[in-house]
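Full structure from sequences and hints, please.
Next come the chains, spelled out residue by residue.
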Amino acid sequence: MEASSQPGSLTVKKPFMSSTFIRVVKYTAVRLVVLFITVAVAIYLTILIANMGGYVDTMMRSEIEYNVTQQVINNPNSRNMSTEQKKTMETQMIAAAIKMRGLDLPLAVRNARYLTNALTLNLGHATIMVSDTGSRTVRLILLERLPATLLLMGTSELFLFFSSLFLALSLSRQYGSWWDKLVIALTPTSSAPGWFYGIFMILIFAAVLKIMPFSGLVSAPPPENPVLYALSVLQHLVLPAFSLFFSGFFLSIYAWRTFFLIYSSEDYVDMAKAKGLTSRDIERRYILRPTLPNIITNFALTLISVWGGAIVTETIFIWPGLGRMFYTAIGLYDIPVIVGDTIIYAYLLAITVFVLEIVYALVDPRVKIGGGGSQA
Amino acid sequence: MKALKNSLQEILRYPSAIAGLAAVLFFVLLAIYAMVSIPYSKAITLWRGGEDIWYANPKFAPPAWINYFRSKKLPVSFHTNSADGGMEKVVTPGGADTATIKLSYSFDFEADDYPQELMLYFTDTYKEKMPFVSISLFTPDGREIRVADTGLGPQENIRFSQQDRLINRYGGGQQQFVMRGLFSDPKAATPTPLKGKYQLVITGTTFEAGSDINADFVFHGMVYGLAGTDMYRRDLMVALLWGTPIALAFGLLASLGISLSTLIIAAIGAWYGGWVDELIQRITEVNLVLPFLPILIMIGTFFNRSIWTILGATILLSVFGGGIKAFRATFLQLRESMYIEAARAYGASNTRIIFNYMIPRMIPLLIPSLVSGVASFVFLEATLAVLGLGDPTLPTWGKIINDAESNGALYKGYYYWILEPAVLLMATGFGFALLGFALDRVFNPRLRGM
Chain Z
1 MEASSQPGSL TVKKPFMSST FIRVVKYTAV RLVVLFITVA VAIYLTILIA
51 NMGGYVDTMM RSEIEYNVTQ QVINNPNSRN MSTEQKKTME TQMIAAAIKM
101 RGLDLPLAVR NARYLTNALT LNLGHATIMV SDTGSRTVRL ILLERLPATL
151 LLMGTSELFL FFSSLFLALS LSRQYGSWWD KLVIALTPTS SAPGWFYGIF
201 MILIFAAVLK IMPFSGLVSA PPPENPVLYA LSVLQHLVLP AFSLFFSGFF
251 LSIYAWRTFF LIYSSEDYVD MAKAKGLTSR DIERRYILRP TLPNIITNFA
301 LTLISVWGGA IVTETIFIWP GLGRMFYTAI GLYDIPVIVG DTIIYAYLLA
351 ITVFVLEIVY ALVDPRVKIG GGGSQA
Chain L
1001 MKALKNSLQE ILRYPSAIAG LAAVLFFVLL AIYAMVSIPY SKAITLWRGG
1051 EDIWYANPKF APPAWINYFR SKKLPVSFHT NSADGGMEKV VTPGGADTAT
1101 IKLSYSFDFE ADDYPQELML YFTDTYKEKM PFVSISLFTP DGREIRVADT
1151 GLGPQENIRF SQQDRLINRY GGGQQQFVMR GLFSDPKAAT PTPLKGKYQL
1201 VITGTTFEAG SDINADFVFH GMVYGLAGTD MYRRDLMVAL LWGTPIALAF
1251 GLLASLGISL STLIIAAIGA WYGGWVDELI QRITEVNLVL PFLPILIMIG
1301 TFFNRSIWTI LGATILLSVF GGGIKAFRAT FLQLRESMYI EAARAYGASN
1351 TRIIFNYMIP RMIPLLIPSL VSGVASFVFL EATLAVLGLG DPTLPTWGKI
1401 INDAESNGAL YKGYYYWILE PAVLLMATGF GFALLGFALD RVFNPRLRGM
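So the sequence lines, in the order shown, correspond to chains Z and L. Our numbering numbers the first residue of the first sequence as 1 and each following residue consecutively. Our numbering numbers the first residue of the second sequence as 1001 and each following residue consecutively.
Hints in this document: simulated from the structure, not taken from any laboratory. Heads up, the beta-carbon is just placed ideally off N, CA and C, and yes, glycines get one too. Hints should not be assumed to be uniformly reliable.
[Claimed, not checked] To be clear about the criterion: a stretch of chain Z counts as covered by chain L if any three or more of its residues have a C-beta under 8 Å from a C-beta of chain L, and this derived list gives those stretches:
hint, stretch
1, 39-51
2, 176-188
3, 201-214
4, 308-314
5, 330-339
[Unchecked claim] So, partial list: chain Z residues that the calculated Cβ filter (under 7 Å) puts toward chain L:
hint, residue
6, S191
7, A255
8, Y345
9, L349
[What the hints assert, rightly or not] In the DSS-like style, the derived pairs of lysine-lysine whose C-alpha atoms are separated by at most 27 Å in a straight line are:
hint, chain 1, residue 1, chain 2, residue 2
10, Z, K210, L, K1195
11, L, K1412, Z, K210
12, L, K1042, L, K1089
13, L, K1197, L, K1073
14, L, K1187, L, K1072
15, L, K1059, L, K1187
16, L, K1195, L, K1073
17, Z, K210, L, K1072
18, L, K1073, L, K1089
19, L, K1197, L, K1102
20, L, K1325, Z, K26
21, Z, K210, L, K1073
22, L, K1412, L, K1059
23, L, K1127, L, K1325
Structure below.
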């Protein structure tokens, strides 16, 4: 958490004060607690929605039945029993398990239990889907898909952030130019989600020009050599990442450029110009720095909407991440996986917000001075 | 009224706004046209209809107008029915209640490729003795190709490529070569389509008084109509047309519902302040990390895929959205203004101040976000449809894309199938976004210079 690790403070040369460090840590800790409560409430709402028709209960019951049947089949004593004896044994075991799991308890108590299970991603077993390692545990199925989603989102969002930042800054210096007008004219492209551009990307680069793969994570069969494997993944990453990137690109540039314009009309910028500082110094020190908190707040909102769009983008590109799994789970009507996927998305959103809040704390002078700061 | 006229003039100063307004108007007119030309119930029946409604169309046929952009023309589909007088019909009575019925139909074949299939659907009436027909195709160079000779049950369908005679003669035992055989020039070294006037002649004999033969001649070309067809032979035009009112209604209702409720909540929070405001702020924060699309997917999967359920859920999930923050900031300023103080002084109630004095002042600020919001909800409907969660009965643009996706349209080269709905979606979305964007600059003077 060093100040020099983020772009806005490249020119800040003052020594890192321990009191500042403590304030940032304190701010972060408070935000973490608040955010955790927020996530808990959000997940609880998710469970309430999912359980409106008693779906979580159905899920639990079917899991118990699955386990009991497995136990009875695997029990060596049951081989000699008649079908009827097995049936009564199963019914008794199921009833006991339901009591043990508390499925006969009132709804409020039950929901509280589900919440703890959901928060720990302890979501039981998928009804149909199986992880690549052969497990039916929802947590394993989900975590297996997580890296692919993080790779796709991370790549596209990092590109989006830095390219928008620098283009917005340079556009704000050429206000009213032809490029500036072009970006304004293209801003409505951001009303379409990433998958929509994904279709065009596949059409142009895969179907017509045949220079990019249609879909997937690696070429089949996957290359043995790790370097070739990485290159293959990279090649498959280009189109989906670019689609996600493109859907946020022009709106981000436009919005950020407007922030930059607002801050570059401040008196201290004129003062700096009068002092004869280079425009590079002015940009970095007097315009970029005070604008960053606004930009980060705006970027958080963009990211949140991109998370949603990524589900269909992954589906279109058959990218083996959480979004594609969502699509498969809908098709197979695998309830535990659908609920689990929703919960993990809530977590991912919260983590996104949290990371951006730390960055916010690092760049917002109000946090360092101890003024509290507004939320990202 | 004058203010409205002024703002309209102001809007028309932006070329992008004119483009957006034109697109929006076009789609509104298209929606009205769709609803008038194809009534709702008919659209649903057509869209859910199977082979019995769409038998006359080829599968996976691009629209006919692509021929204008191709050097090799593709055969256009058509069908004609002798019962409606679509074929020339000559009835010659013979002795002892018999009759000869001759049905003939001539058509021009000017394409550079072969049709998918030729079919005859016979409907005939008789009591005991089946009529008998001989079917021939006369080629432009004067050859007669005998297709089939068969007795007719009450419903008889003849597929040309399944006739043994033709398969043996042209296909070497394989069905896919029959069409090539029928429409090729026999003198050419490599198979080339023979262009010109073809004539189909059906000579039937009936053996009873009152017995009759009618035929429906179906020519499955490679292209069809203005929009093309999908895997169920359905005319995509139905869904493209009807997708318009659905997309507009969904987008407008969602955007209107969300903007208005957000505005009201922001006004209440800003006016009462204290714990009410605090509560609204906290709910907004929770709402921010609620995964919107996953929850919609959950609702669509577990409960109901009807577009109205999804619309309701969308509004409920977005009421405490990001818009509240922006509105709240402005309401907080508004609360301190003189005319509100005056209203307080004369003893206006809280509801009166909120709904009569505060909210109306914000309507101009609301309109831009409302209009550009339509775009994102039009895309939201498509997004859900692409995930397979579209309304099960309604024909929508998103469902065309979903069908095309699941049939591998991009891999197989059926680009028209995805491009048509995509272009309509894009034009609608960008139209509203452009208009909303221009309105934003008109109503938000702070942005005007930028």
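Here is how each hint holds up against the structure:
1. Counting residues of the stretch 39-51 of chain Z whose C-beta lies closer than 8 Å to any C-beta of chain L gives 7; at least three are required, and the coverage claim holds.
2. Counting residues of the stretch 176-188 of chain Z whose beta-carbon sits less than 8 Å from any beta-carbon of chain L gives 3, enough to reach three: the coverage restraint holds.
3. For the stretch 201-214 of chain Z, the stated coverage by chain L is satisfied: 5 residues place a CB nearer than 8 Å to a CB of that chain, which reaches the threshold of 3.
4. With 4 residues carrying a beta carbon less than 8 Å from a beta carbon of chain L, the stretch 308-314 of chain Z meets the three-residue requirement, and the given coverage holds.
5. Beta-carbon proximity to chain L at under 8 Å applies to 6 residues in the stretch 330-339 of chain Z; the threshold of 3 is reached and the given coverage holds.
6. Hint status for S191/Z relative to chain L: holds, with the closest Cβ pair at about 4 Å, below 7 Å.
7. Taking 7 Å as the C-beta contact cut-off toward chain L, the hint placing A255/Z at the interface is violated, the least distance being around 11 Å.
8. For the restraint placing Y345/Z at the interface with chain L, the shortest Cβ-Cβ distance is roughly 4 Å, inside the 7 Å limit, so the hint holds.
9. Interface hint status for L349/Z: upheld, as the beta-carbon distance to the closest one in chain L is roughly 5 Å, under 7 Å.
10. A distance of roughly 35 Å separates the Cα atoms of K210/Z and K1195/L; the hinted pair therefore is violated under the 27 Å criterion.
11. For a cut-off of 27 Å, the pair hint linking K1412/L to K210/Z stands: about 13 Å separates their Cα positions.
12. Only pairs whose Cα atoms come within 27 Å are accepted, and K1042/L paired with K1089/L is rejected, the gap being roughly 32 Å.
13. Taken as a hint, the K1197/L and K1073/L pair is honoured in the structure, with Cα atoms around 16 Å apart against an allowance of 27 Å.
14. Of the supplied pair hints, the one linking K1187/L and K1072/L holds, its CA atoms being roughly 20 Å apart against a limit of 27 Å.
15. A distance of roughly 31 Å separates the Cα atoms of K1059/L and K1187/L; the hinted pair therefore is violated under the 27 Å criterion.
16. In summary, the hint linking K1195/L to K1073/L is supported, as the alpha carbons are separated by about 11 Å, within the 27 Å threshold.
17. With a CA separation close to 23 Å, the supplied pair K210/Z and K1072/L stays within the 27 Å bound.
18. As the CA atoms of K1073/L and K1089/L are separated by approximately 31 Å, the hinted pair breaks the 27 Å bound.
19. About 19 Å separates the Cα atoms of K1197/L and K1102/L, which keeps this hinted pair within 27 Å; it holds.
20. Among the hinted pairs, K1325/L with K26/Z is consistent with the structure: their alpha-carbon atoms are about 25 Å apart, no more than 27 Å.
21. For the hint pairing K210/Z with K1073/L, the CA-to-CA distance comes to about 25 Å; that is within 27 Å, so the pair holds.
22. With a CA separation close to 13 Å, the supplied pair K1412/L and K1059/L stays within the 27 Å bound.
23. Restraint check: the Cα-Cα separation between K1127/L and K1325/L comes to about 79 Å, which exceeds 27 Å; the hinted pair is violated.
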